[in-house]
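Taken in sequence, the protein lines are chains X and C. Following this note's numbering, the residues of the first sequence are numbered contiguously, the last one being 255. Following this note's numbering, the residues of the second sequence are numbered contiguously, the last one being 422.
Since the hints were derived computationally from the structure, they do not count as laboratory data. These figures come from a predicted structure and were not determined experimentally. Ideal Cβ positions, reconstructed from N, Cα and C, are used throughout, including at glycine. Among the clues, some could well be false.
[As the list claims (entries may be wrong)] Distance condition first, Cα-Cα at most 30 Å in a straight line; then the derived DSBU-like pairs of lysine-lysine:
| # | chain 1 | residue 1 | chain 2 | residue 2 |
| --- | --- | --- | --- | --- |
| 1 | C | K229 | X | K138 |
| 2 | X | K81 | C | K339 |
| 3 | C | K229 | C | K59 |
| 4 | X | K236 | X | K81 |
[Said to hold, decoys possible] Under 7 Å between C-beta atoms, here's a sample of chain X residues computed to sit facing chain C:
| # | residue |
| --- | --- |
| 5 | W30 |
| 6 | V32 |
| 7 | Y33 |
| 8 | L94 |
| 9 | R95 |
| 10 | A100 |
| 11 | N104 |
| 12 | N115 |
| 13 | L137 |
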Amino acid sequence: MNPLIVGEDIWKVYRVGDVEVQALRGVSVTIERGEFVAIMGSSGSGKSTLMNMLGCLDQPTKGQYRLNGVDVGQLRPDQLAEIRNQQIGFVFQSFNLIPRTSALENAQLPLFYRGLSLKEQRTLASAALQRVGLKGREHHSPTQLSGGQQQRVAIARALVTSPSLLLADEPTGNLDTESSQDIMGILEGLNREGMTVILVTHEVDIAAYASREIVVKDGQILSDRATKERSQAVGV
Amino acid sequence: MLAFMWLTVITALRVLGRNRLRAGLTMLGIIIGVGAVIAMVSIGEGAKQAVQKQIATMGTNVIMIFPSYMTIGGVRGAQGGAVTLTVADALELKKRIPTLSETGWLIRSTMQIVNGNRNWNGSVQGASPSYVTIRDWSFSSGGSFTQTDMESAARVALLGQTVVENIFEPGEEPVGAIIRIKNVPFRVIGVLSPKGQSVQGTDQDDVVFIPFTTAERKVFGTLFLGSVGGVFVSTERTEDLADAAEQIRQVMRARHRLQGEQPDDFTIRTQVEIGKVQEGTSETLTVMLMIIASVSLLVGGIGIMNILLVSVTERTREIGIRMAVGAKRFHILIQFLIEALTLSVVGGCIGILFGVLAARLTTVIAGWPTIISSDTIAVAFVFSVVVGLFFGLYPANKAARLNPIDALRYE
């Protein structure tokens, strides 16, 4: 089976006014199914751009990015939306839940755009919330939940579609130590069940949960090494 | 897809419900616009129907011929002052123009009418029996005079409601009573059903009809026997009116020996012409209403567009989240369009309600007739939908075209 992610010489160039910003300068990376990868780097290193690229929110200026064998660079916005919906789950630093909307409805959102019936949406979303330990909180709105709980809702939303890739951008950045450990525990568990997890962070102890560490600096990969034995994927 | 639409409508209602004051103020433009249109059109339609009823009181398919002014030494007299129109003219018209079904004529004057110790100054009209028929007069009691009455110059009279009210006690039966007109005794043989105001605003019920011959020989003391104040003819079919009017002109000009350049010494008016004047008035009114309607709907629509643009900006991050989890442009577009539609349609419905209420109140308070047609309501509803779609499209499209990365990063 081909790798989940193949990036070949990816460049991303922005123009900010008259200044040309080279956010990514020839990044090549291959990630297999079931890996748990931490992408590290200081702010401005290009790790967020790389994350957007891998998450199909952005397209390379030059080079090729293939997700599951599909050349993402060639797709139109609506096709990208469909790939995000089918194959990718996002977890953001600031949770990014829809305000004044219940946990259940937030978790339903990707299924809503997939066009499932309301009943199917509810069933799957409830199961996902249960998976992250939020059974009984389905009808709480984000403001009624703690930061750790909000991030769990976000994880439930990310995994409700059973994506092939889970992207977490500084998932513990806004959380206390205890909640951070909870969240990382959930991500670790998901990876153990076979889900590919890519984690973007600048915290070393958070990156330590991953089995591979990619360091990005000035839009290029500085180092790429396995930090521990890959956890044995179940059911691959 | 159905689930998507349903949930989108629910979301829209929830979003608007969260900000009731804002939604209410936004809808105000549409409410006022639609309400004003409904109220105005109802009043306009009511007025139009009232005028049509008045026109109908003239009779059916009527052509009126009046003598024109007379010029004596360069001084023009008043219209109708000439004695150029005669009974002979009327009879000639009847003989020459086959499409005329009835021909009648009359002379009129204002005179004192006396019953016992009561008197009244009213319009006394010496008419041929056919005139009463042409004008579609009906009787609340008694009946009309006949050709025989006309030939014998019988002293019989038909009274209009206004005259009856002024010279008879309430409950007193006029038919059979003897009244005096200019000291000549007349027997009342019929009381006319009321017609109300004419198009010109005169009281049509302030009238006494007596046979034409009686009038000219025994009451009016006419200078020229056979001269009339007006000839009234009618046709069987409305389509024949215009042709008949033209034929009348030809016959009259020939009879009065008018040469090429000489102006007509008579005036011809048809019921259709009078109707057209009224139609013109109501058309002007309709155009005015449409302008008012479009301006208020435009203002209402701009209000909706404005608030939607604010909403798109406020919810940029939400749009980003939705896009990140897989919303396509179409989904975002529909979401905001439905919000716009909800505003305009709810506003439109409330506007319809207010409009109907305003029309009703106008009838109750001012006593003006109003007609609320389902067509008006349907058109108003469709308009509010169109306004919502039209003014919602720009903000919705703006939202749909956001870049997900920028939207997610928006603070």
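Against the structure, the hints come out as follows:
1. For the proposed pair K229/C and K138/X, the alpha carbon gap of about 97 Å is over 30 Å, so the pair is violated.
2. Note on K81/X and K339/C: the hinted pairing holds, with a Cα-Cα distance of about 25 Å set against a maximum of 30 Å.
3. Annotation: proposed proximity of K229/C to K59/C is violated, straight-line Cα distance about 43 Å (limit 30 Å).
4. Between the alpha carbons of K236/X and K81/X the distance comes to roughly 19 Å, so the proposed pair stays at or under 30 Å and holds.
5. Annotation: interface hint on W30/X violated; nearest CB of chain C at approximately 17 Å, more than 7 Å.
6. For V32/X, the shortest C-beta to C-beta distance to chain C is roughly 15 Å, which exceeds 7 Å, and the interface hint is violated.
7. The beta carbon of Y33/X comes no nearer than 11 Å to any beta carbon in chain C, farther than 7 Å, and the hint placing it at the interface is violated.
8. Restraint check, L94/X versus chain C: the minimum CB separation of about 12 Å is more than 7 Å; hint violated.
9. Taking 7 Å as the C-beta cut-off, the interface hint given for R95/X is violated, the closest approach to chain C being about 10 Å.
10. Hint on A100/X holds. Least Cβ distance to chain C is approximately 5 Å, under the 7 Å limit.
11. For N104/X, the interface hint holds, the least distance from its beta-carbon to any beta-carbon of chain C being 2 Å, beneath 7 Å.
12. The interface hint given for N115/X holds, since its Cβ lies 5 Å from the closest Cβ of chain C, which is under the 7 Å cut-off.
13. Taking 7 Å as the C-beta contact cut-off toward chain C, the hint placing L137/X at the interface holds, the least distance being around 5 Å.
Figure legend: structure checked against the earlier numbered hints; hints not met, in rising order: 1, 3, 5, 6, 7, 8, 9.
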